[in-house]
Amino acid sequence: MSNTPSSVAGLSEPRVDSSSPIAQPAPPLWLLAELTYRCPLHCAFCYNPLDYARHDRELDTAQWRRVLTEARALGAAQLGFSGGEPLLRDDLEELVAHARGLGFYTNLITSGVGLTDARLAALREAGLDHIQLSFQDSTREMNDFLSSTRTFALKQRVATLIKAHGYPMVLNCVLHRYNLPHVGAIIEMALEMGAEYLELANTQYYGWAWENRLALMPTEAQLREAEAVVAAYREKIGKRCRILFVVPDYYETRPKKCMNGWGSVFLGVAPDGAALPCHAARGLPGLTLPNVADQSLSDIWYHSDAFQRFRGTAWMPEPCRSCDERENDLGGCRCQAFLLTGDPTRTDPVCDKSPDHARVREVVMHGASAALAGHATASEYPLVFRADAASRAFASGDAKAR
Amino acid sequence: MNDDIEMPRLDKLYRLQFEEAQKAWVLLYPEGMVKLNDSAGAILQRCDGAHTVAMMVEELQQAFGIEGIAPEVEIFVKHAIERGWLV
Numbered sequence: 001m002s003n004t005p006s007s008v009a010g011l012s013e014p015r016v017d018s019s020s021p022i023a024q025p026a027p028p029l030w031l032l033a034e035l036t037y038r039c040p041l042h043c044a045f046c047y048n049p050l051d052y053a054r055h056d057r058e059l060d061t062a063q064w065r066r067v068l069t070e071a072r073a074l075g076a077a078q079l080g081f082s083g084g085e086p087l088l089r090d091d092l093e094e095l096v097a098h099a100r101g102l103g104f105y106t107n108l109i110t111s112g113v114g115l116t117d118a119r120l121a122a123l124r125e126a127g128l129d130h131i132q133l134s135f136q137d138s139t140r141e142m143n144d145f146l147s148s149t150r151t152f153a154l155k156q157r158v159a160t161l162i163k164a165h166g167y168p169m170v171l172n173c174v175l176h177r178y179n180l181p182h183v184g185a186i187i188e189m190a191l192e193m194g195a196e197y198l199e200l201a202n203t204q205y206y207g208w209a210w211e212n213r214l215a216l217m218p219t220e221a222q223l224r225e226a227e228a229v230v231a232a233y234r235e236k237i238g239k240r241c242r243i244l245f246v247v248p249d250y251y252e253t254r255p256k257k258c259m260n261g262w263g264s265v266f267l268g269v270a271p272d273g274a275a276l277p278c279h280a281a282r283g284l285p286g287l288t289l290p291n292v293a294d295q296s297l298s299d300i301w302y303h304s305d306a307f308q309r310f311r312g313t314a315w316m317p318e319p320c321r322s323c324d325e326r327e328n329d330l331g332g333c334r335c336q337a338f339l340l341t342g343d344p345t346r347t348d349p350v351c352d353k354s355p356d357h358a359r360v361r362e363v364v365m366h367g368a369s370a371a372l373a374g375h376a377t378a379s380e381y382p383l384v385f386r387a388d389a390a391s392r393a394f395a396s397g398d399a400k401a402r
Numbered sequence: 001m002n003d004d005i006e007m008p009r010l011d012k013l014y015r016l017q018f019e020e021a022q023k024a025w026v027l028l029y030p031e032g033m034v035k036l037n038d039s040a041g042a043i044l045q046r047c048d049g050a051h052t053v054a055m056m057v058e059e060l061q062q063a064f065g066i067e068g069i070a071p072e073v074e075i076f077v078k079h080a081i082e083r084g085w086l087v
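Protein sequence lines correspond, in order, to chains A and B.
Using the working numbering, the first residue of the first sequence is number 1, and each one after it goes up by one.
Using the working numbering, the first residue of the second sequence is number 1, and each one after it goes up by one.
Chain A on its own, in the form it takes in the complex (with noise of 0.2 Å):
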């Protein structure tokens, strides 16, 4: 053996090198695959564009089995299938078959409509190794109000064929104002379908979910009160159910280390080809998103400007430049920082040395104060729901973002 077995427990986790990307980048390990961004489901909290209706042309399966070769062949082991909704690609089962004989590791991230039996049957031959199934909240009501849909009831039943076919199985719930109170009934319902995790993600402000950040934003009290009930359910459930809760990093006083660092470890690709370094890059002004129909994922990945400019920290400004964290977060979300400050290249204002930290507060006092009025305050900050003809008002300009 060439390492002596003491140091068989020193595993380390490749998303937390931190080896410096500029002289020689690592390869991407995990691929996001945006079939499509059309979607059955109009939720309030979707970190898709505002103006996705401008995006609507898809690449077909023979360009998707390209991009999952390309990307395979570079290193990348992890693989989402999701959108918008990846089961309205009639192609999905080959594209996991493709994916899995290629040695994928392949996640289908889904609201559920769409998952019969018969798909079930047919992604499991075709090799699929996991379902993430969204939950909106443990109640009908609300569930059914967030995603402006009636899919509360289809959705526990996708939930029991997913167990009746053998996947292993993640609920992933996303938290804000509305849901954090139900948390513990959130977690009782992922332990009585049986799920192997249960994700509870607050809320990441991009796309619509900044729309109605105001309608969304908890109270601290919400969020401590949410994380207590959180550990102590891990305490009692232990390795039945891992339980994971993102925080949300406005409440934080340094950022996080977004995508572990921008074209670090994550390549997303969006439905027309688009190749994303995270999930919300196409909203960044000056930033030429390269195409994988014009251009090779290895191109992209280690040539592309796109790609290359906020890699390491030779791009950061002050106070990132000279400061001895700099290396912990790589100065924060670059998405986050543009919908805070207007510019991508700032330091992410959720950082408490950043001069625009004041914004991330502002937004959490707006929020936190229109929680604690309650009722009183929907008619002050409707909620905007995903949907295509909100949309297409977004791209035509007769919308205007908040």
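For the record, the hints were derived by calculation from the structure and aren't laboratory data.
Even glycine gets a Cβ: it sits at the ideal position worked out from N, Cα and C.
Keep in mind that a hint or two might mislead.
[Unchecked claim] Derived, one-sided and incomplete: chain B residues facing chain A with beta-carbon distance under 8 Å:
| hint | residue |
| --- | --- |
| 1 | LYS12 |
| 2 | LEU13 |
| 3 | GLY49 |
Chain A is already provided as a structure; the job is to place chain B on it using the hints.
Just chain B, lined up with the frame of chain A:
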């Protein structure tokens, strides 16, 4: 803590495979990956539900021409059970 697992095998959440790009064995699971060092990879390859820890030790010592690794293998297997990789 399941100290009584006689012949451990990978939990069905996990897949063990060699990644050429990283020149390493990795454990893949829903939306995540653990990169393993050579020793961990060599041990986990033998966690197939048909090897006791004693059998693994024997095989590994023969394969790599070394001795006295039993305590370390036991510690690693225990660690892997705690992490939920092995059942």
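Structure versus earlier hints - violations, ascending order
The structure conflicts with hint 3 only, although it agrees with all the remaining ones.
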